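Based on the hints, put chains B, C, D, E and F in the right spot on chain A.
Number of protein chains: 6
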Amino acid sequence: MTEGSTVSGEQHVTLVVTAHAGDFVWRAGGAIALAASRGERVTIACLTFGERGESARAWREGRSLAEVKAIRRAEAEAAAAVLGAEIRFFDAGDYPLLPTPDLTDALVGVYREVRPTVVLTHALADPYNLDHPAAARMALDARVLAQAAGYPAEGEVLGAPPVFFFEPHQPEMCDFRPQVLLDITEVFDTKRAAMECLAAQQHLWEYYTELGRRRGVQLRRNAGPNLGLPANTFGEAYMRYFPQVTGRLA
Amino acid sequence: MTEGSTVSGEQHVTLVVTAHAGDFVWRAGGAIALAASRGERVTIACLTFGERGESARAWREGRSLAEVKAIRRAEAEAAAAVLGAEIRFFDAGDYPLLPTPDLTDALVGVYREVRPTVVLTHALADPYNLDHPAAARMALDARVLAQAAGYPAEGEVLGAPPVFFFEPHQPEMCDFRPQVLLDITEVFDTKRAAMECLAAQQHLWEYYTELGRRRGVQLRRNAGPNLGLPANTFGEAYMRYFPQVTGRLA
Amino acid sequence: MTEGSTVSGEQHVTLVVTAHAGDFVWRAGGAIALAASRGERVTIACLTFGERGESARAWREGRSLAEVKAIRRAEAEAAAAVLGAEIRFFDAGDYPLLPTPDLTDALVGVYREVRPTVVLTHALADPYNLDHPAAARMALDARVLAQAAGYPAEGEVLGAPPVFFFEPHQPEMCDFRPQVLLDITEVFDTKRAAMECLAAQQHLWEYYTELGRRRGVQLRRNAGPNLGLPANTFGEAYMRYFPQVTGRLA
Amino acid sequence: MTEGSTVSGEQHVTLVVTAHAGDFVWRAGGAIALAASRGERVTIACLTFGERGESARAWREGRSLAEVKAIRRAEAEAAAAVLGAEIRFFDAGDYPLLPTPDLTDALVGVYREVRPTVVLTHALADPYNLDHPAAARMALDARVLAQAAGYPAEGEVLGAPPVFFFEPHQPEMCDFRPQVLLDITEVFDTKRAAMECLAAQQHLWEYYTELGRRRGVQLRRNAGPNLGLPANTFGEAYMRYFPQVTGRLA
Amino acid sequence: MTEGSTVSGEQHVTLVVTAHAGDFVWRAGGAIALAASRGERVTIACLTFGERGESARAWREGRSLAEVKAIRRAEAEAAAAVLGAEIRFFDAGDYPLLPTPDLTDALVGVYREVRPTVVLTHALADPYNLDHPAAARMALDARVLAQAAGYPAEGEVLGAPPVFFFEPHQPEMCDFRPQVLLDITEVFDTKRAAMECLAAQQHLWEYYTELGRRRGVQLRRNAGPNLGLPANTFGEAYMRYFPQVTGRLA
Amino acid sequence: MTEGSTVSGEQHVTLVVTAHAGDFVWRAGGAIALAASRGERVTIACLTFGERGESARAWREGRSLAEVKAIRRAEAEAAAAVLGAEIRFFDAGDYPLLPTPDLTDALVGVYREVRPTVVLTHALADPYNLDHPAAARMALDARVLAQAAGYPAEGEVLGAPPVFFFEPHQPEMCDFRPQVLLDITEVFDTKRAAMECLAAQQHLWEYYTELGRRRGVQLRRNAGPNLGLPANTFGEAYMRYFPQVTGRLA
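From first to last, the protein sequence lines stand for chains A, B, C, D, E and F. Here the first sequence is numbered in our numbering, starting from 1 and rising by one per residue. Here the second sequence is numbered in our numbering, starting from 1 and rising by one per residue. Here the third sequence is numbered in our numbering, starting from 1 and rising by one per residue. Here the fourth sequence is numbered in our numbering, starting from 1 and rising by one per residue. Here the fifth sequence is numbered in our numbering, starting from 1 and rising by one per residue. Here the sixth sequence is numbered in our numbering, starting from 1 and rising by one per residue.
Next comes chain A alone, as it looks inside the complex (with noise of 0.2 Å):
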């Protein structure tokens, strides 16, 4: 088995589905810019550009709301570029993301032409915000429906990929408990520079690279007996939706 693919030789996707321009960059910028490293393709669906719900610097400014908007796409496909994956747009609409069929269907050709073979997104709950568990009900939706031979999409039948939950921003409050701690030790340096390319949260830089120490810090006491990892390891941590499916207990 060569490195970008599976056990049946066809290739590793990842397909991150956001509920704003920024949530890839410090929820699982990590994680794509390790596939992106590895050679795998990784996609970014885009809800919005978060141009309402989280831009307030930009309307501070004065900015109109095609500004705001292109300001922050801007930021996103430079990070997206940063971490090596391909974004795209929906412009449907923040504060309030409505879910509405023809986004879920829109989302069901991204997953029929996509062909993930790990799907990404946001956890269930978030008292704070309602787009990001309106984006994870779509995307998790759209995941079906891509799976039933009648529904009427282009490209073929999917499989069943898992689904991992990123970390939300006040993690206790979301009913987040990690499950998976992925080690982002290698690639935390790209991660950082992505996360630069969002100047409008500055602040945000810091309070993200210090989680990531916290999550290495996990992840080494959680790590076994045998691995040895350096005092400098940095992590994400997820929430898995199915089962994981394994040949091995480790």
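Accuracy of the hints is not assured; some may be wrong.
Examples of chain C residues toward chain B, derived with CB under 7 Å [what the hints assert, rightly or not]: (1) Q170; (2) E172; (3) R192.
Quick caveat, the hints were computed from the structure, so don't treat them as lab data. As the structure is a computational prediction, the values presented were derived from the model and not from experiment. Even for Gly, the Cβ is constructed at its ideal location relative to N, Cα and C.
The following block gives chains B, C, D, E and F in isolation, referenced to the frame of chain A:
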């Protein structure tokens, strides 16, 4: 990285802590046989023979306590041999298996000697059985104590091996939710042969074969888009007590 | 109190609300056949034919949408007849089944007309299927609306019938914990005959026969000291949404 | 099937295991009186007199430990007599009631002798009281041990009687959610008379009368369409520890 | 810091969002009267009159829809006046109360205008009532939207006021666990007077007086060592949706 | 009401019950320093020195058990002095800290003597540490026993002080969800100074400074509309075991 070793070059070792003589066969026989088939060491710490609580037939036949123990010991030794594992008996007395500092300390000794990289034991709740949670509790406590520099036991301080809970007889009543589905297809015949060593519980052979088949169906439904698993896949279900540590989301 | 009547002399009536054409057979066929065998009325409200999401074989055979619907309708009608139940189709469209005020209102009409004393429907969570929770939600909402004096629908205001959730395909993943084990031994042959009406899903006949057997084993282990149930007991598992009201603890 | 017998012809017997002398009156007096009114046997295993923890008035009056015990014993005997139940005292010492193998073993003896078809005890959590969960834990453990063929106690092996947890003083804080609402209207006067035997806790008479009325209101709201329960219905709430086994959904 | 102001000198303002005309009286009348008695502003956003779902008596008397609404409006206005609160009606239609973007947007307007420092609303689950969770969901969504700089509504961006869920009619069935017990003894007469404005629901006056007394008993049992609360203490129970922020543990 | 007194005129007193010598510094140092800064009494009951389980460095340096205990005692005494608290050592032996009736009884004595109005201790679950839940369990049990009129200990019967669980090292794995965010900004320098008394755990100084900063960010996001907290706010997170009792919702 060769078969049977970890990233740091040490050996993979599985420690199974069970309350009664039969548990490791029904609930973890596949995982044991898989590890053994890879040339790895597997040690079973069997705290009691299940002489009072899980030997109804022998009692109905009028056996003495010593006879019942001897019967269950012989069955368990045969099953362990079939699976390729070493087994140690503690004869701590079942129904009830009472947690004691001495028994926990004996398990610390096993941890420090065997140096497991993976631990398998019962789930922490079981309304139908007192002994299963008691065994799990001691397995978990001993694991933590074995990690402490100041704990006075032979051997070097242990790392933090992952812990997996195997499936109880009535999973939903024990808050058991499959988090890991282990593909045991290639060793299922070995597991079945080990089950058939347990002559006193013949009614369970088919029951647990059927469970393996059902978990195999579930495994295929969660196996992602590319795996192409055969229809006669067999599985075993596990829960994790600690987060998974990994370098790849899959 | 005679067969088929309640303490106040009214008739026992069971209403089953399902998302797709096959659900009532696999999940509640025993309960339906039992009620019918007691001479009680059973009405099945089948919201969709499962034409897109649960008819993979027909699509692979190249059938049109209309053909798929006709196939599933015929199968469901045959199965309902075997079980002794009346079935009504709403053809609301599946994958996704979208909750709408109109569909909920139609269900209110059914409640007021049929006047169920027991309601059976899907559980409220199912990570593998959008339509099941959607059907359950509408069944529950319509039940509450039908109780309101001011709700503008034909028929008298309804009482508050108990609601039972039947077992999903992957129960542990749907937070399904058996709270009621129904002894369906005496009608199991009828349930099997109804299953065999669903020709397109032949692989499930044995799967659900085995599930019935396993729930039967569990039923016997929880059946109390005196019942003396036979070894070939068959069962179905249910959850309650509301507390049981009774005049005797048992 | 006649009054007071099960389907297999054996007698209905209720075993109540409580921590303190008053618990069975406030929490299960209705169930006890109902069973007794049907001519069934009810045995109360009262582990302590509640001499330290629930006899504040007697201590304020300057009574000795022996006097407090005698007072509570007399009250409990009177209340049991009013309800129609037999009561046995274990005098195991309260505040704290410490679980011991000997006390659990004594309860196994009771199970094998009395052969209950229904068991009532405390819920497993109570932040306001250590003794209640301790009593419940021993009641549950003894029940399992009494079922084991190899457990060395007098009497025949027991079946698996259902277990009901009665309502704690602050139900929401004890994770108590009513799953069974028992109609005790016809015996409420008897329960009230038993409450009035507990002279030291007069402030609770009205409190628990009011609770009975409130659970009666809830019972009527969940009683289904046809029951026509009167406005002055009284109820008691219970949780189940095991699934209900039944031949009819209702 | 004077009465009715916060640490930063702004006024304390309470916003109550309810589904039906009577809810604010039974569930939060004490909190409202307390705040009003301190000279603080209280605004009630009453989304419907409860005309279909909670006006059974009026329908039985043959009233028209317009009459029922008028009756309930008059009652609610009288009760709000007694409590000292302002009330606004949205007439959004009940049974079902359907969440819409327009209604949520109207609530955003209320938040930005009224600028609450405390928000009270329904709990998020209620198996007996669709409208209560729907109202709570909109109250929570509007609160988040009102905080977004880019949300196009009149008024300044809002801070993040704490949210309290008041007690549903069947608390245990709604996952309601008291986290805050509010002492309403000094205003209980006012709450009772407000209850008596709801002539159509006279059967609830005593029910909710009794609930107040019971929550008062619980309040005293949790009130710490020194408070010396009187025996006739009255209370109301609340849950928090967000963590408490404080400068002192107490 | 003056500083350091309750509404009934008694003094505010904080009792902290911890398993090991360092816990009170990392987890509750801010709360302790805040109370002390208000002139209130704070007593720390330190059940063990953490000599075996949390002194890895000393063991690696070849210290004897007595030496390790002396080192940890000196550190803890210094830290308590910096915070302004009294500390008492029970030397009960760690790893494992075994709950015993004698140790619980000793804590009852402390409760009756110190008469706390607030209690701080560990959370009830910790997969990484046996001793923390054991200490919490004894702290809770002793609190209940100290309230019983009949419990034979010196001193007057206690009231019911609120209990707060402080934050474990891996909060999400311990079911820890922040319910109270305490603003410790004004005493953070004191907490840091106390941390620096724990020379053996220097790697944690920055870790817990960072945690304080992160909880401060969360505190500001939940602080309501008017507080105007500074950017360098520090916080500590707590859970409540009992409902809050209050005269004002805020």
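Starting from the hint list further up, note which numbers the structure goes against and sort them upward. 3
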